Amino acid sequence: MKRRTAIRSILTLPAAMALPVRMPAQASAPAPAVSNETPDTPTVGADTHAATVVRTFNPDQFAALGKLSSILIPSLPDTPGAPDAKAAEFLDFLIGQSPTDRATLYKEGLDRLNQEARKRTGKPFAELTAEQAAPILSPLRDPWTYEPPKDPFARFLLAAKEDILKAIQNSREYIRVVSRRRRSAGGMGIYWYPIND
Amino acid sequence: MTNMNTDYDVLIIGSGASGGTVASVLAKKGIRCLMLDAGPAVDFQRDRGFKRVCDLPYRGFGKPGRFPNVTQANEFNGNVWADEKKNPYTYDPSDPYNWVRVRLVGGKSLFWGRASLRLSNYEFRCKDHDGYGENWPIRYEDLAPYYDRAERIFRVSGQKAGLPQLPDGVFIEDDSPDSESVRRFNAAARRRGIPTTKERRATGELASSVNLLLPDALATGNLQIVSDAVVREISTDPNTGLANGAYFIDRRSRHDYHVKARVVVLGASCLESTRILLNSGLANSSGVLGHYLFDEFYVKDVVVAVVPEARGGNPPRGLMGGGGYVPRFRNLKTREKNFIRGYALGFGGGGTPDARYFPVYGEALEKQLADVEGAGFTFTTMGEVLPRYENHVRIDKNVSDAWGIPALHVQAKYTDNEFEMAKDSMHVCEELCREAGFEVVGKHWQMVPPGESIHELGTCRMGNDPKTSVLNAYNQSHDIKNLFVVDGSAFVSGGSQNPTLTISALAMRAAEYMAEKMRTREI
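Just so you know, the sequences run in chain order A and B.
In this text, residue positions in the first sequence follow the working numbering: the first is 425, and each later residue adds one.
In this text, residue positions in the second sequence follow the working numbering: the first is 23, and each later residue adds one.
Simulated from the structure, these hints should not be mistaken for lab results.
In this text, all values refer to a predicted model and were calculated from it rather than measured experimentally.
Be a bit skeptical, because a hint or two may be false.
[Stated by the list, open to error] Below, a list of computed lysine to aspartate or glutamate pairs in the EDC-like style, where the Cα atoms sit at most 20 Å apart:
id, chain 1, residue 1, chain 2, residue 2
1, A, K590, B, D77
2, B, K322, A, E571
3, B, K130, A, D621
4, B, K85, A, D525
Given the sequences, and given the hints that come with them, work out the whole structure.
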């Protein structure tokens with residue numbers, strides 16, 4: 425039985441049948457008050473209380489993604505950035521669920537970041553400063569064109585820029601901070617549940 | 023198989039703008055109708071609610087790969103679109119087609135963009151005008167009284183503009199003041215002799231068949247609606263060859279049914295109606311059933327501009343916001359370009375241009391986005407697509423849907439006439455923006471794939487000649503007199519106007535004709 429159906433069927437029962445009957449433990453002790461109201465149990469989001477288990481990218485790729493995210497959308501004093509929004513962790517999850525061509529674009533793009541970084545500095549991308557990374561990220565300074573670039577690395581960088589920004593702007597942390605300044609940043613929308621499926 | 027034990031006067035397949043209109047007309051005339059819809063009915067209280075994007079499992083990205091052909095799908099509305107795995111169709115990978123479907127009672131009228139525009143004799147008499155294609159078997163004047171009625175039902179707001187290519191209607195007068203940026207754009211267009219007008223849109227919290235058409239019909243007691251009824255084929259009387267009902271399958275249980283009726287009306291949406299006819303092997307003595315598929319091509323964000331005075335993140339009051347519509351202005355009096363027909367433009371100000379337009383990152387990107395917040399002015403091109411025989415649908419015998427019903431193969435592509443039109447629209451928007459003092463930050467002319475505008479039309483076209491058309495001037499099958507097709511598949515040409523208002527007006531006209539022919543026992 426689906427949850428909603430179950431709740432509906434409970435609601436149609438007399439309260440005495442729907443709720444478990446509490447028997448007094450001892451005749452002399454007063455019975456605790458039983459609420460007849462349906463409870464609204466608060467829950468919290470996993471992303472604010474637990475760490476993502478990284479499954480899609482290898483440690484080098486994931487470290488490069490973390491660095492790339494924080495360079496593309498850094499945390500500012502009054503605006504959460506990639507680290508606050510756990511953008512890299514979220515993208516590890518999202519890309520892991522994505523069609524193969526998307527996952528390949530990301531994995532090969534992250535590998536290329538590390539290759540380029542090692543070639544230029546002898547260090548992995550995650551250990552570069554933003555200034556050291558700038559030449560590697562030069563495709564992001566090319567003017568926008570509708571057709572994506574032919575070079576897969578450039579395509580990866582543009583896709584990552586878009587995905588990281590969206591992952592941040594739609595994150596709990598960003599919405600918590602920015603919606604205080606702008607009501608439109610609340611990320612609220614009309615959600616459609618599965619309809620009589 | 024279960025035979026439904028009641029015979030109805032009219033069986034209506036589909037409950038959207040076309041089926042709903044027919045039901046509304048017929049039920050009020052005392053004609054007993056049964057309506058089938060492939061999907062469930064929406065319970066607006068139960069089926070939707072507010073959520074924050076950060077509370078969604080995929081942060082608004084949606085489940086990757088769930089809707090490869092529905093770009094409109096997002097994580098908020100993902101459950102309203104037809105499931106592409108259960109409802110497959112095929113196309114050549116080199117010619118992708120985005121078939122966007124809603125399988126709910128009310129159909130796409132639950133979610134449409136509400137643009138409510140009349141066609142004109144530039145469309146109805148298109149061949150007379152430029153020699154291409156076929157004229158409709160009706161003139162604008164034949165449909166005008168039905169447009170009047172449809173606009174009242176859909177409570178269309180607009181402003182009379184006196185343009186022959188976009189006839190005025192019965193509007194809730196929109197006399198709202200334009201923002202300064204819209205006034206500047208309108209003035210720039212006027213200097214070039216390009217007309218602009220207010221958007222013409224259905225109003226109200228909901229503007230759907232389920233609140234504007236079906237309730238009145240249901241109230242008569244003459245309409246029954248069966249939800250979750252996936253129609254497999256139309257049945258015919260072997261003695262007369264006339265339609266006598268339909269076979270359908272319960273969406274959830276797969277239980278097979280048959281229902282009988284004196285008249286059958288297809289309003290299942292353009293391609294679904296044609297699919298049902300093709301699977302039924304009916305109404306195709308002309309050989310054109312499935313052919314002449316077209317739509318309106320869209321170039322989304324053909325030009326994205328920024329209003330300089332709105333930079334800084336806090337545009338002055340009254341500068342931004344609002345929008346409008348540029349009706350077709352090309353090739354009206356003379357052939358003036360390297361294409362025939364024309365396109366319309368929708369425009370609006372007040373959004374924030376996407377980050378992709380700014381080739382920076384890091385703090386510079388965040389400053390850039392803050393600077394242009396609310397300062398954007400964007401355009402979308404909606405262009406006429408020429409109906410061509412080779413653009414068509416046919417049954418793909420190798421693929422069936424979740425109910426075992428053979429699926430469609432769609433073959434459609436745009437050609438030079440549309441490409442040239444799209445390029446022209448980009449140049450025009452760019453020039454007008456510069457003249458209005460806006461800064462263009464992005465421009466392109468690449469259309470979205472055919473189908474994505476959700477304005478698929480044709481494949482079951484009207485005409486006077488049974489050898490070159492499927493339906494007559496009243497949406498009635500040339501071959502089978504008690505079979506009508508009332509959705510967008512009946513269109514002969516489409517212009518650049520959104521089609522829903524015309525679909526509803528045509529359905530209303532067809533329903534009145536149908537009722538009269540039933541009264542006189544001609545059908």
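Now the hints, each set against the structure:
1. For a cut-off of 20 Å, the pair hint linking K590/A to D77/B stands: about 14 Å separates their Cα positions.
2. Simply put, K322/B and E571/A have alpha-carbon atoms about 14 Å apart, close enough for the 20 Å limit, and the pair holds.
3. Restraint check for K130/B and D621/A: satisfied, since their Cα atoms lie roughly 18 Å apart, inside the 20 Å limit.
4. The hinted pair formed by K85/B and D525/A meets the criterion: a straight-line CA distance of about 16 Å does not exceed 20 Å.
Consistency note: the structure conflicts with none of the earlier hints.
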